[in-house]
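Taken in sequence, the protein lines are chains A and B. Each residue of the first sequence is one higher than the last, beginning at 907 in this note's numbering. Each residue of the second sequence is one higher than the last, beginning at 907 in this note's numbering.
Careful: at least some of the hints might be erroneous.
Examples of chain B residues lying across from chain A (beta carbon under 7 Å, computed) [as the list claims (entries may be wrong)]: (1) G989; (2) I1084; (3) A1093; (4) G1102; (5) G1148; (6) R1149; (7) A1152; (8) E1168; (9) L1192; (10) T1193; (11) A1197.
The hints are simulated quantities; they were obtained by calculation from the structure and are not laboratory data. A virtual CB, placed ideally from N, CA and C, is assigned to each residue, including glycine.
Protein chains: 2
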Amino acid sequence: MRDVCVVGLGLIGGSVLRAAAAAGRAVWGATASGQDAEAARADGFDVRALADALARARDRDALVVVAVPLPAVEEVLRQVPDGVRVTDVVSVKGPVGDLVRRVAPLVRHVGGHPMAGTSASGWAAGRADLFRNAAWVVTAEEDTDLDVLTDVVELALDAKAHVVPTTAVEHDAAVARISHLPHILAAVLASVGADGGPLALALAAGSFGDGTRVAASRPELVRAMCEGNRTALLGAVDDALGRLGAARGSLASTGGLAKTIEAGHRARQALHDLQSAERTDLTIDLTSPQALEALRALGARGGRIIGLTGNTALARTS
Amino acid sequence: MRDVCVVGLGLIGGSVLRAAAAAGRAVWGATASGQDAEAARADGFDVRALADALARARDRDALVVVAVPLPAVEEVLRQVPDGVRVTDVVSVKGPVGDLVRRVAPLVRHVGGHPMAGTSASGWAAGRADLFRNAAWVVTAEEDTDLDVLTDVVELALDAKAHVVPTTAVEHDAAVARISHLPHILAAVLASVGADGGPLALALAAGSFGDGTRVAASRPELVRAMCEGNRTALLGAVDDALGRLGAARGSLASTGGLAKTIEAGHRARQALHDLQSAERTDLTIDLTSPQALEALRALGARGGRIIGLTGNTALARTS
């Protein structure tokens, strides 16, 4: 098992460090937060200065996990020695890939995104099982280093997550639709409801409560997440504007909403079907020249890696 | 206690009949559904032909509860004898008020809307406690008959609901925002997510699940509800389009979403505050010339009637 060095010991980084340690790996970390460093050391973890932590990663051929917020990624990347294995857990993948190509083209980077989190933050909020049953996206581009990709798959499986392989572009487009747009629509719905005054809020029940739940999230976190995925999110918002505008036009002209409501019902059914479908297992040889293509095809079909034996990934698809 | 005659013995009407009976009232009903009639009779209820049920209501000065779908309301209203006390439980109030003025101007009608329901329908799905802790809207217009309004309040309280007084126009505008728009946005979000293909749906988690939950409702019920409130719903959709368009513009031009996200967070907080606020109790004399104005003011502040002693309503507001 490869050693793991985690840079950034907040909720996600702290949970990765704990999960890797729980799986029996040698682990150490670094963080710019004195509070997180102190708390992690108090819990018995090895926390070092960044340069020291990265030098040790180079010496031991460890996997470095960059778990700092997007604005801090560039500064960390600049300090990673060439040739070191690196992944990250930032919630957008295109901007991180761009940064790697620009400031650290010689590190062996594979993007990642464990799709778990809570509204809490900091080392104290983390836990070893944060990623249990979560999707952990791994980017598989044309030129991805399969050896490092295999490292990331192994780490994700150690954390009890399943792995969804895709490209950075596809990832960012998908999360814009299913993670970032929901926050914007929840904010819009909450505001339109509040515009109706206390009477409207007093009559609000299940549908309004469900539709606005994520508007209770911390605004600065929501903004950072959405604004960091600007390009892909614009596409998703335009799709929503087009569909909402069509509903408006149909309601105004014919009084009917059949197309909107029925399409929404079919789409929700598709989500249900995907989650409850019979599964087909397959294997992917991660040393094969076709491996990256097979991985991307797996992700595109809604499939995932659920196990690893040597260099053979056990995958499941509906 | 006034006798109650319920016309339409589906989920809502059947539950009103049971709740009124459970409160010790004399009750009887009528329904165009042979299946519902048979089931209600098998449960020991008095189900009659419509003309017979309405004649008995006139003779005993009972309260008639019209609990048929909106398209069937006109036909029922035409058969109600002049002077009879009538309420209804249709989910839009403006169109029902218009119908009463047009086809039954001499019945003593006060609109109502018990805000409870499930995805099930028919007599068998009903139950006496369906309205427990639910809001039951009662319309208090300039010319509302306070005597009949008091009857409806008494029935709603018997059913363990609390009463929210407002006008038909205000009711329809409020439910457009907090009940009908959520269904349209859920449909739009589900469709945009499904547009992202299996990958997007495979990555969908909490925010997408919450935001699309009501898209699983039966499309024909959602359509009937939304399309029946066309005028008010257009206003709510336009508000949402304006806010979503502003978010789009801001994201495209400056990359920022502060205004959208922060307004949504404040609005969701307002919902929480209203639901958890300290309450102030007050009383409203339902025989006073200012009663209708006081009732409307109560509803506008997010308040509700929680009890009735003689003609004095006990109200609660935040």
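To see whether the hints hold, each was checked on the structure:
1. G989: Status violated, d = 31 Å.
2. I1084: With a closest approach of 4 Å, the I1084(B) hint holds.
3. A1093: holds, 2 Å
4. G1102: The hint holds - G1102(B) has a Cβ within 7 Å of chain A, the shortest such distance being about 4 Å.
5. G1148: violated, 9 Å
6. R1149: holds, 5 Å
7. A1152: violated, 9 Å
8. E1168: holds, 5 Å
9. L1192: Because about 20 Å separates L1192(B) from the closest Cβ in chain A, which is outside the 7 Å limit, the hint is violated.
10. T1193: violated, 25 Å
11. A1197: violated, 18 Å
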